[in-house]
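Colleague: Single-letter residue listing:
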Amino acid sequence: MAKIASPKDLEQYQKRAKAARDKIETFITMCGGTGCQGSGCQEVINEMDNKLAEKELQESISLKVTGCQGFCEKGPLMVVRPAGNFYCNIQPDDVEEIIEKTVLKGESISRLEYQDPKTEEHILKEEDIPFYQNQERVVFKNNGFISPTKIEDYFSVDGYSGLAEALYNMSQEEIIEEVVNSGLRGRGGGGFPTGQKWKFTHQEDSNPKYVICNSDEGDPGAYMDRSILEGNPHLVLEGMMIGAYAIGASLGFIYVRAEYPLAVKHINIAIEQAREWGLLGEDILGSGFSFDVEIMEGAGAFICGEETALMASIEGKRGMPRPKPPFPANSGLWGQPTNINNVETFGNVPLIIKNGADWFNSIGTENSKGSKIFSLVGKVNNTGLIEVPMGITLREIVFDVGGGIPGGKEVKAVQSGGPSGGCIPKDLLDIPVDFDRLSEVGSIMGSGGLVVMDEDTCMVDVAKFFLDFTQDESCGECPPCRIGTRRMLEILNRITSGEGKEGDIELLERLGEDIIDTSLCGLGQTAPNPVISTIQYFKDEYEAHIYDKSCPAGVCQDLIYYNIIEEECRACDRCRRVCPVEAIEGEPGGNPYILHDDICIRCGNCIEECPFSAIEIVPGQKE
Amino acid sequence: MELELERVDEIVEKNKEEAQKKSPLIPVLQEIQNTYGWLPEEAMKRAARKLGVSLAILSGVASFYNEFRLKPLGENHIVVCTGTACHVRGAPLLVAELERNLDIKVGQVTEDQKYSLETARCVGSCAVAPVILVNGEFHGNMTKKKISDLINDELQ
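Protein chains in written order, with my numbering: chain A, 50 to 672; chain U, 58 to 213.
Treat each hint with caution, since some may be false.
Claimed, not checked - Cut-off 30 Å, straight-line C-alpha distance, at most; resulting in silico cross-link-like pairs (DSSO-like, lysine-lysine):
| no. | chain 1 | residue 1 | chain 2 | residue 2 |
| --- | --- | --- | --- | --- |
| 1 | U | Lys-128 | A | Lys-366 |
| 2 | U | Lys-203 | U | Lys-102 |
| 3 | U | Lys-128 | A | Lys-314 |
| 4 | U | Lys-171 | U | Lys-128 |
| 5 | A | Lys-671 | U | Lys-202 |
| 6 | A | Lys-199 | U | Lys-171 |
| 7 | U | Lys-73 | A | Lys-52 |
| 8 | A | Lys-199 | U | Lys-78 |
| 9 | U | Lys-203 | A | Lys-167 |
| 10 | U | Lys-78 | A | Lys-52 |
| 11 | A | Lys-248 | U | Lys-78 |
| 12 | A | Lys-199 | A | Lys-174 |
To be verified - Which chain U residues stay away from chain A? Per the calculated CB distances, all over 12 Å, these:
| no. | residue |
| --- | --- |
| 13 | Arg-64 |
| 14 | Glu-70 |
| 15 | Thr-92 |
| 16 | Gly-94 |
| 17 | Thr-167 |
| 18 | Lys-171 |
Calculated from the structure, these hints are not laboratory results. Idealized CB from N, CA, C, for every residue including glycine.
Construct the complete structure from the given sequences, taking the supplied hints into account.
Modeller: Rendered as structure tokens:
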């Protein structure tokens, strides 16, 4: 294959790719992201391939398997273009009908259409669905249109134009200036200005320099980076190349979790393609700039999301962080100047170079520019990946994009920032989402996990959940984090098992502050946040656990009991049969059943099984 | 069980060659685990010699990262995701159900070597929480009922 030797060449290939795309009359996009794979999209894709071949339609109709389209909950997803029919929850049996009716005749199939849970109205097109309508897709824009394993598809959306612009029309300083002016801040959690970081690394004299793309997305409840890598890997590569050119690096690393096999596969394919086409390697686009990328698969350690630990891991060591300064920009990988940015940050870079800092600046709030991708999960109707402008309120995210809380329940809080973040109570849902406002209310932007919690979520249990996580993931290097998080967890375990005592809340607060002040790295410095923010906003729940020995949300097993409501029980015997410990007694058709609390292990089987909702969870301990 | 340790040499050679600037150490451990399903001590010793590092260094790295296993898995490996989204949607109850059903604790293997059980921090399929993985395959929107069907029917 001929290598692309100049920006003119690139333009030719882009034109050719667009012409090839426009020639196809109908194309069907199927989401092939990990979420949809979990819902069985591969069977539907295979069936579609077979049927199109059977009907000899492969020439006029193209099936495109894309990366994550975001609406994971409704998967498998399909859009028939250009008409735009959007179908969800598709099964292999539906394929025949889709081809015959929708693809060939333009008729819609009612049962596969999206139905608004609030209005019960059927919505035909993707862009009219509230989940999509209320988003602003910038980085994610092409995820639903291109095949991540075809570089031609990336060319067809002007891919690598940003790189050509940077290499030929801008100096290193001008690129950095543009990124500084755009106001782009790191999307991995810290929110440090990206342009500044580049400037520091650029200023260093020592060579070689490295760029690293941090894809060690470890926050539980967050999967934005995975979906970008899966769905549009060339966008990330292009961003890395521009960054590498600007700071003067000739080698880059993508540090990606081994738990994301599809992302690893797609980024590997993209690197191979970029090398074949001459976009990686020597003398890129004939500009004299040389750059290559290596993949490093992470081995499962949350701490490796911290940049100094990540570098230790690439060096083949235990992933332990070290004190900063020196910062990676001065002394990073193998002691050389290194620039580390997150996947989403790099994904924004080509767009800024192509469209200019002013365009990027026009989205967002004063100190938080651009859009942000969030994974909206937990107790919310529309779960999935969303991209929204900075400054949107949490209420808009939960209710307009997310479609509200399932089962008619009340929202209680939204957790942002993963184990380093905090829980924002429902009274504060009207705050605009940006870096500053989130930290003012005791949380952080983090990498973009938003977990919605309803009245059935126990906030003490949530705090314990995160502490259990950070305590386990603490690398053990510095004592405040290693011992402090363990002591906090012990106290929380005591409180949730009914052994809480007066002074525990104050002790948690004091310990938390000390750990924040004295820990070595970001993990320890933020680990107490979930506890401190839940004490701040939900102190009454802690008090109920400690003084009333009761879990108001009905979660903590030692502070609740199960009760059979006599009036509702029809003595159908189902609960007794599913009880694993024989805690339920009764005769079919006889008197209401009796549940022995001293035997019950609160596994929930009986509640799930009972058709009459006759078994309830009662907060508190049985007398 | 006799292990074919020659594979270890190939793995080390290959990874040394491929790595441009990263250390081959972790990739070597990953590939050994992919080959044998876990990290047998004999394989580690051989790899350490080939890599020119001490066994202490190599074991130190292996024990640091969650991915590495120092004992073999069961025939069917079940992983319950306990990420935040899965947690608030009931993952702890799924873990308890599996522990009861298989009569082992998380991290253990059943006596007949048929099942092993682990939890994961987050597998990134939060939209279909709670999620379990059986032999690497995703099962979303899990319930206890689906788990017993899976164990009692499909995996028999």
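Colleague: So, for every hint listed, does it hold in this structure?
Modeller: Here is how each hint holds up against the structure:
no. : hint                   : result
1   : U:Lys-128 to A:Lys-366 : 22 Å, holds
2   : U:Lys-203 to U:Lys-102 : 42 Å, violated
3   : U:Lys-128 to A:Lys-314 : 27 Å, holds
4   : U:Lys-171 to U:Lys-128 : 14 Å, holds
5   : A:Lys-671 to U:Lys-202 : 28 Å, holds
6   : A:Lys-199 to U:Lys-171 : 41 Å, violated
7   : U:Lys-73 to A:Lys-52   : 29 Å, holds
8   : A:Lys-199 to U:Lys-78  : 28 Å, holds
9   : U:Lys-203 to A:Lys-167 : 29 Å, holds
10  : U:Lys-78 to A:Lys-52   : 25 Å, holds
11  : A:Lys-248 to U:Lys-78  : 24 Å, holds
12  : A:Lys-199 to A:Lys-174 : 26 Å, holds
13  : Arg-64                 : 19 Å, holds
14  : Glu-70                 : 16 Å, holds
15  : Thr-92                 : 15 Å, holds
16  : Gly-94                 : 15 Å, holds
17  : Thr-167                : 17 Å, holds
18  : Lys-171                : 20 Å, holds
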